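With numbering that gives the first Met the number 0, the residue at position 328 of the sequence shown is 327, and numbering never jumps.
These are calculated hints, taken from the structure and not from any lab test.
For clarity, every value in this text was computed on a predicted model and none was experimentally measured.
All the pointers check out, no bait thrown in.
Restricting the straight-line Cα-Cα distance to at most 27 Å, the calculated cross-link-like pairs of lysine-lysine (DSS-like) are:
1) K199 - K281
2) K199 - K145
3) K281 - K358
4) K145 - K281
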Amino acid sequence: MERLNFEDDRLWTRLLILGILLNVIVCFTSDLGLDTQVKMAVDENGALPWGDLRPEIAGESNPDDGGYRIVLPLYEMSEIGIKIMALLTFAGMTVCLYRWGGVRSAAILSLSPALIFSVGRGYEEVYLAAFCAVALILFTGLLSSKNRPLQSFLGGISFMMMPYAKGFSDGTDVFVGGLVLAVLVTVWNEMVRRGGEGTKWMSKPHVVGIVVSAVVALSMILLGILGYNSTLAILAESPVRYTTAFAFSLLDVLVIFTLFGMVLWPFIGSMLHGLGSVEDSKIAMMAGYIGGLLTAVVFYVAALWTYEASIWGADWPGIIWTMGNNGRYATLLFIPFVLLLQQLRHHVEIPTYDAPLAKAKVMGLVVVLLLPLSLLAAFHGQTMWTDEAASAMELESGDEFLFVSEDTLGMHWLYTFYAPLDAEENAITGHWRSMDSNWELDLNSSLSQVTTLVVSPDVTLTPNGWIFESSGEVDLLNGGGEWRVFTRS
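Please construct the entire structure, taking both the sequences and the accompanying hints into account.
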């Protein structure tokens with residue numbers, strides 16, 4: 000540590016190069032993630048051909064009910080295309096941050112374990128981060144004060160692309176939502192411009208941040224009570240369990256992925272002090288934007304954990320360990336935090352990522368602590384034992400197979416067979432049953448047409464009337480154990 004001079008930009012340039020290399024390497028070492036492979040299977044009608052991820056009958060897939068999902072058009076591309084798009088988006092953000100901030104903030108972005116994790120798996124986080132940054136810049140007019148109404152509208156469109164990317168809204172919602180947000184931002188700016196006693200609070204960053212966060216929190220609770228969607232509805236259906244999840248979500252999102260994962264820890268004290276001491280409408284809007292989104296992420300992650308645990312019948316709070324990386328959604332706010340610190344520095348003397356002052360060594364230490372996670376994310380990557388199992392199944396056109404596993408992420412794992420089997424071209428149908436269901440009986444009744452059976456390492460039972468064909472080992476970091484393939488005798 001003594002030999003590392005964290006005040007030397009040459010060191011940060013090397014770290015930036017390392018981060019870029021890790022994002023390239025992960026594209027070769029990692030398979031696409033579970034969610035990505037599900038999205039690639041969505042057909043032109045928005046349905047999943049082997050059944051919705053959340054079947055009506057627990058533990059049992061239904062190919063006749065594919066549900067409806069909205070996905071980004073890029074998921075129609077091949078694995079190579081998806082990874083190239085993720086890399087290009089990451090590269091664009093890194094270049095922009097290098098120009099807007101400097102080499103240090105760009106290096107930290109490139110070394111983010113959450114982003115490396117997401118780029119290799121083809122997840123949306125890199126796009127969410129881009130949409131989030133563009134929306135903030137356009138809403139606040141950071142780069143230009145011209146054509147503010149147009150900027151606000153484009154900012155609204157960019158903002159609405161975030162829920163669109165997550166499948167929460169369609170194209171119409173993006174346009175209408177963008178228009179509504181543009182009106183709100185324009186009205187806000189006009190009220191600030193005119194001034195008056197009733198608008199003084201709108202120039203106080205800490206007040207705006209608290210108000211927006213409170214409004215978002217109340218809105219999330221109201222949407223849950225009204226049952227806006229099944230995920231948020233769990234707030235009202237399981238309030239005790241949700242409260243527990245909310246506490247863990249605060250730790251996961253705010254501490255692990257924000258303060259530590261974004262290397263924000265060295266700056267949080269001075270940033271909060273600065274927000275409470277300055278009066279600036281632009282900084283106030285930025286504080287409200289960041290506070291509102293961070294609040295939404297905390298509420299959403301807690302709801303997601305609670306809901307998924309309920310439909311999978313998973314152990315509580317063990318499911319949090321399985322899905323703890325959902326806190327990575329907070330990474331979309333890294334660039335906004337960088338920009339906020341820069342704007343604050345125009346008013347008060349505070350350290351920032353690219354001018355850390357006395358915090359240089361502390362910032363460097365946090366980066367050093369993150370490096371092992373960055374390296375692990377890049378060199379281990381996601382591995383899918385289902386690729387090998389798909390080859391071992393030797394299915395022909397029109398065949399059907401059954402996949403048996405534990406409930407947690409069972410339907411997600413089913414769709415990892417879709418691409419390797421070229422299921423659409425070969426008209427292959429996959430079914431899933433929970434290992435705790437009566438899947439043996441189903442094989443001789445509702446699934447009598449199934450000719451091939453593949454079981455995950457969690458399943459040790461060998462059904463009667465089936466011939467063992469092949470097996471393989473699962474990577475230890477993915478749970479270990481042995482998968483097996485059987486054919487009907």
